[in-house]
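**Q** Below, each chain spelled out in residue letters.
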Amino acid sequence: MAVPLECYLGLSVALFTLGAIGVLIRRNILIILMCIEMMLNAVNLAFIGFADTFKAVDGQMFVFFVMTVAAAEVAVGLALVVAVFRNRATVSVDDLNLMKW
Amino acid sequence: MQTLFYILAGTALVAGALVVFQTHPLRSALWLIVNFFAVAGIYLLASAEFIAAIQIIVYAGAIMVLFLFVIMLLNLRQPEEPMPMSALGSRILAVTLAVTTGFLVMFGLKQAVIIPARTGPPGLGNTESVARLLFTDYLLPFEVTSVLLLVAIVGAVILSKSRLK
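Quick mapping for you: the protein sequence lines, in order, are chains A and B.
So that you can map any letter, position 50 of the first sequence is 50 in this note's numbering, and since no number is skipped, the others follow by simple counting.
Counting from 1 along the second sequence, just add 1000 to a position and that's the residue number in this note's numbering.
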């Protein structure tokens, strides 16, 4: 008795929406990065759901590559956060508006 | 199996909501770990054992340790200050936009006709079949991935140096 695809996709959309809400309403740059991770995770869940439904391993390959990109993104992103905090002593995106048009 | 899926999905959703609505980033990070573990359980249900193990090792292990390390390094004592009232409208607009997008995607998915495959290759999703595909059909992306990780390492080291020239 397999889980139907609709369940996977529903959960994936719900998690993605939660992450998007977090990115849009939170002001702390660390929490915004975490919400981006959650959105990437939601997309991974959709890939795994499709892979399970269509019995193909290719979906799992894409999850593997998304995880690699997520790891690289977090390493560079957190290095940027530390560098910004050293210069400006803030992690609020409202104070980081130097390049805002 | 269906019941287990719903339990894990509920856990993931509650933990995800708590990530967004906690005031302190440390608590958000800890709830995000709970979310990752719940999603890893769903991967196990979907017969993707290798990806579930990678999820726990890379996400819940490496990435979240990095997050907790940075949060504690920055030592943010004061909680996030509440938004000024002028930003309340944009906040409501943002939530409406995100929820509307979610509903639109759901609506589009309802229209699609999906016929699940009945049988697949034997041993689907175990480490052997993943590795076989990774080193044959997906060899070039795999190699490009190593270059990407090298670039990320160099970038992180350069950014973390105290004096930027």
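Hints were generated in silico from the structure; no laboratory data involved.
Cβ coordinates follow ideal geometry from the N, Cα and C atoms, glycine included.
Possibly wrong hints are sitting among the right ones.
[To be verified] Simulated pairs of lysine to any residue, SDA-like, Cα-Cα distance not exceeding 25 angstroms: (1) B:Lys1161 x A:Leu98; (2) A:Lys55 x B:Leu1140; (3) B:Lys1161 x A:Leu80; (4) B:Lys1110 x A:Phe54.
[What the hints assert, rightly or not] DEER-style ranges, computed between Cβ atoms: (5) B:Leu1026 x A:Ala83: 16 to 26 angstroms; (6) B:Ile1114 x A:Arg86: 49 to 59 angstroms; (7) A:Ala83 x B:Gly1089: 27 to 37 angstroms; (8) B:Val1151 x A:Asp58: 19 to 29 angstroms; (9) B:Ile1114 x A:Ser92: 36 to 46 angstroms; (10) B:Asn1126 x A:Ser92: 43 to 53 angstroms; (11) A:Ala83 x B:Ile1114: 38 to 48 angstroms; (12) B:Leu1150 x A:Asp94: 27 to 37 angstroms; (13) A:Val66 x B:Gly1108: 48 to 58 angstroms; (14) B:Leu1097 x A:Arg86: 30 to 40 angstroms; (15) B:Gln1002 x A:Ala83: 40 to 50 angstroms; (16) A:Ser92 x B:Phe1107: 27 to 37 angstroms; (17) A:Ala83 x B:Phe1135: 35 to 45 angstroms; (18) B:Gly1155 x A:Arg88: 47 to 57 angstroms.
**Q** How does the Cβ-Cβ distance of B:Ile1114 and A:Ser92 compare with 36 to 46 angstroms: does it lie in that range?
**A** holds, 44 angstroms
**Q** Can the suggested window of 27 to 37 angstroms be confirmed for the beta-carbon pair B:Leu1150 and A:Asp94?
**A** This hint holds: roughly 35 angstroms between Cβ atoms.
**Q** Determine whether the Cβ-Cβ distance between B:Val1151 and A:Asp58 falls within the hinted range of 19 to 29 angstroms.
**A** holds, 26 angstroms
**Q** Cβ-Cβ distance between A:Ala83 and B:Phe1135: within 35 to 45 angstroms?
**A** holds, 37 angstroms
**Q** Is 48 to 58 angstroms respected by the C-beta to C-beta distance linking A:Val66 and B:Gly1108?
**A** violated, 22 angstroms
**Q** CB of B:Gln1002 to CB of A:Ala83, is that within 40 to 50 angstroms?
**A** Since the Cβ atoms of B:Gln1002 and A:Ala83 sit about 47 angstroms apart, the hinted range of 40 to 50 angstroms holds.
**Q** Note whether the CB distance of B:Leu1097 and A:Arg86 lies within 30 to 40 angstroms or breaks it.
**A** holds, 34 angstroms
**Q** Starting from the hint 27 to 37 angstroms, judge whether the C-beta atoms of A:Ser92 and B:Phe1107 obey it.
**A** With a Cβ separation near 36 angstroms, A:Ser92 and B:Phe1107 satisfy 27 to 37 angstroms, so the hint holds.
**Q** Sort out whether A:Leu80 lies within 25 angstroms of B:Lys1161, counting only the CA atoms.
**A** holds, 11 angstroms
**Q** Below or equal to 25 angstroms on CA atoms is what counts here, so check B:Lys1110 against A:Phe54.
**A** Since the Cα atoms of B:Lys1110 and A:Phe54 sit roughly 18 angstroms apart, the hinted pair holds (cutoff 25 angstroms).
**Q** Between A:Ala83 and B:Gly1089, does the C-beta distance stay in 27 to 37 angstroms?
**A** holds, 33 angstroms
**Q** Falls inside 43 to 53 angstroms, the C-beta gap from B:Asn1126 to A:Ser92?
**A** holds, 46 angstroms
Hint check: violations occur at hints 13 and 18; the rest are consistent with the structure.
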